[in-house]
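Protein chains: 2
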Amino acid sequence: MTTIPDELDTPCIMVDRELLQRNVDRMAEAVRAAGLELRPHAKTHKVPEIAARQLAAGAVGLTVATIGEAEVFAEHGAEDLFLAYPLWVGPRQARRLRRLTERARVSVGVDSAEAAVTMGTHLADAAGELTVLVEVDSGHHRSGVHPAQAVDVARAAAGAGLHVAGVFTFPGHSYAPGMPAEAAAQEQGALAEASELLSTAGFAVTRRSGGSTPTALLTEGTVATEVRPGVYVFGDAEQLELDRCAPEDIALTVAATVVSRHEGGAGIPRRIVLDAGSKVLGSDRPAWATGYGRLLDHLDARITALSEHHATVVWPEDQPLPALGERLRVVPNHVCLAMNLVDDVAVVGGGVLVDRWTVAARGRNS
Amino acid sequence: MTTIPDELDTPCIMVDRELLQRNVDRMAEAVRAAGLELRPHAKTHKVPEIAARQLAAGAVGLTVATIGEAEVFAEHGAEDLFLAYPLWVGPRQARRLRRLTERARVSVGVDSAEAAVTMGTHLADAAGELTVLVEVDSGHHRSGVHPAQAVDVARAAAGAGLHVAGVFTFPGHSYAPGMPAEAAAQEQGALAEASELLSTAGFAVTRRSGGSTPTALLTEGTVATEVRPGVYVFGDAEQLELDRCAPEDIALTVAATVVSRHEGGAGIPRRIVLDAGSKVLGSDRPAWATGYGRLLDHLDARITALSEHHATVVWPEDQPLPALGERLRVVPNHVCLAMNLVDDVAVVGGGVLVDRWTVAARGRNS
Chain H
10 MTTIPDELDT PCIMVDRELL QRNVDRMAEA VRAAGLELRP HAKTHKVPEI AARQLAAGAV
70 GLTVATIGEA EVFAEHGAED LFLAYPLWVG PRQARRLRRL TERARVSVGV DSAEAAVTMG
130 THLADAAGEL TVLVEVDSGH HRSGVHPAQA VDVARAAAGA GLHVAGVFTF PGHSYAPGMP
190 AEAAAQEQGA LAEASELLST AGFAVTRRSG GSTPTALLTE GTVATEVRPG VYVFGDAEQL
250 ELDRCAPEDI ALTVAATVVS RHEGGAGIPR RIVLDAGSKV LGSDRPAWAT GYGRLLDHLD
310 ARITALSEHH ATVVWPEDQP LPALGERLRV VPNHVCLAMN LVDDVAVVGG GVLVDRWTVA
370 ARGRNS
Chain Z
10 MTTIPDELDT PCIMVDRELL QRNVDRMAEA VRAAGLELRP HAKTHKVPEI AARQLAAGAV
70 GLTVATIGEA EVFAEHGAED LFLAYPLWVG PRQARRLRRL TERARVSVGV DSAEAAVTMG
130 THLADAAGEL TVLVEVDSGH HRSGVHPAQA VDVARAAAGA GLHVAGVFTF PGHSYAPGMP
190 AEAAAQEQGA LAEASELLST AGFAVTRRSG GSTPTALLTE GTVATEVRPG VYVFGDAEQL
250 ELDRCAPEDI ALTVAATVVS RHEGGAGIPR RIVLDAGSKV LGSDRPAWAT GYGRLLDHLD
310 ARITALSEHH ATVVWPEDQP LPALGERLRV VPNHVCLAMN LVDDVAVVGG GVLVDRWTVA
370 ARGRNS
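Chain order of the listed sequences is H and Z. Numbering-wise (my numbering), the first sequence opens with residue 10 and increments by one. Numbering-wise (my numbering), the second sequence opens with residue 10 and increments by one.
Next comes chain H alone, as it looks inside the complex (with noise of 0.2 Å):
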């Protein structure tokens, strides 16, 4: 078991330094063997010595989600970035872009021809400094189009001055129990039919993006050219429900402190409360989720209720309530939402205090 070191206050975000390195190099091994590119996504953890690792590793870029966490990341040196979103750019979104352009590769993800179009005109010289990749949706209905309708959307872009560079999407729905493997299917699915039609219209197709932590190393041997994992970093509860990753995996935790304890009895449960709350853990909670998270050394707690500033722990009845003022530690079910909620974390190397590592890019939404 892991300490938590004395002079840390909870509740606090702990990364395990040796951890997240053999997480980072797993999955570049892995990504490596199956003959892909990585491009993980930097939302997870919005920390550039993070980034630095992962580049270090072998990723061909970063990915990111806003133009504010591609600025954050530009300044601390990277040189290839893909916002892996479907842009609308006004002429301040415009602006911002030919800024980047100027210090990095930057790639950007599109749904529209109205998008596109929009895009172009706002970038006006500038346009073909940037790459676009045609969004599709692979069967999680959130944005994208019907791979059908992508050559129309690059038809678009490329008349817009726009360099069009292949296609991108993201299978949301592999988040479930069962589902990795189909949705990766249908991921490959959509990213071949998008990439036929569009090499048969004239488009030279160099990129084919796709991949969550769930079905990143389920991509061998198929379509895509490149991943963009990024829980796989750290792990979350989450993953380990999902059994993508093992207990020993999880390299981020919070460090919380038993507050409040009580025996509970005559339907009231039996249970402790922790300090830490929905704003560290974040409060996703997936239907199939057995709670808001889990304590890594106590797995067979079950934290029932999150409120901002207490978690409800419902302890096992063969085992004794832990001691107030006894330190746990949490992994959150979805560890995006916790990196973005701290200014800073503590890096723990040997159950030490080795490092204090700023989320740089927390809160860059826009």
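Be aware that one or more of the hints could be misleading.
Claimed, not checked - Derived Cβ-Cβ restraints for the label pairs, each shown as a range:
(1) Z:G86 to H:A185: 43 to 53 Å
(2) Z:G137 to H:A185: 50 to 60 Å
(3) H:Q328 to Z:G274: 49 to 59 Å
Stated by the list, open to error - Partial list, computed: chain H residues near chain Z (C-beta under 8 Å):
(4) T19
(5) S152
(6) G181
(7) A185
(8) S292
By construction, these hints were calculated from the structure, which means they are not laboratory data. Treat the numbers as computed from the prediction; the structure is a model and nothing was measured. Cβ atoms here follow ideal geometry from the backbone N, Cα and C, with glycine treated the same way.
Once you have looked at the hints, place chain Z on chain H.
Showing chain Z alone in chain H's frame:
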């Protein structure tokens, strides 16, 4: 329909200055009319300018959730702060509390003899500066002791040198349809029982503190001496769906842009995608809610899914889909989480940007 000022990039939080002031004034008047004192919970907004309006309208002090929040509001001149939380106080927390008591009247929660003794021990000579309220459980089954145990906790606190002033409770189970009246009754019952027992045991009970936004106005003629509503300053989609506020009372919205648009068909939903996701709206979603927030100007639309940077909005069949690039106002489900995700908010008056307020206590989790 309120305009979204052109100069705002989306997603961003907009606060309507006039509606905010009306909400502040209405609650102040209602609480005064009920013969109660108002100690609003500042964790909702975390903004000194809003706290100042609450105090100017007659609030006797502020409620906060953490020592960090208390420090921020004390720096901004708050003179009476209640940490309505069962604090576990070690040496570092004791030092911070001691500094706080030098600039403000400070009261804190306690729900066990152990926590009271630990707090008193670490505060040492300064223990007498701290007022404690015993937290009782009025049916939410989170923190708080059964009212019958309040005397044990109070005796331990007094024995540790702390000043016991009364009791408090949080009727968290009031945040569900049909529950406010029942929860308010349980709240008053728990406060009455604990208070009587404390009086009988010789404690001078001067504060009985209760009240969430759903129950604050149901406490007329009851035993509470003060209430601690928070959400009322803004309103949110949960309060809207609980009928505790009307659409025209909503003072906070997230401005968002339509980035993707799909007519759907063949089992695929007819929808738009907005650029406001869980990283600006928060992802609280009670089982009884209609979705992940509401669109203030399109109340029939349903936010069926929320990713970090996407809201998927299924559109009413009889209404045309909004255009790409159109900007819409989203009401978050739980406004306290939304405020904690941004560094500042746009203050709007008469459809014009009139100010920016810093969310000074954002992220102060400890």
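Evaluated hints:
Distance hint check for G86 of chain Z and A185 of chain H: the Cβ-Cβ separation is about 50 Å, which falls inside the suggested range of 43 to 53 Å. Between G137 of chain Z and A185 of chain H the C-beta distance comes to about 56 Å, which sits within the given range of 50 to 60 Å. Against the hinted window of 49 to 59 Å, the Cβ-Cβ separation of Q328 of chain H and G274 of chain Z comes to about 53 Å, which satisfies the hint. For T19 of chain H, the shortest C-beta to C-beta distance to chain Z is roughly 6 Å, which falls under 8 Å, so the interface hint holds.
Against a cut-off of 8 Å between C-beta atoms, the interface hint on S152 of chain H holds, since the closest Cβ of chain Z lies about 4 Å away. Look at G181 of chain H: its Cβ gets to within about 7 Å of chain Z, closer than 8 Å, so that hint holds up. Against a cut-off of 8 Å between C-beta atoms, the interface hint on A185 of chain H is violated, since the closest Cβ of chain Z lies about 12 Å away. The closest approach between the C-beta of S292 of chain H and any C-beta of chain Z is roughly 5 Å, which is under the 8 Å cut-off, so the hint is satisfied.
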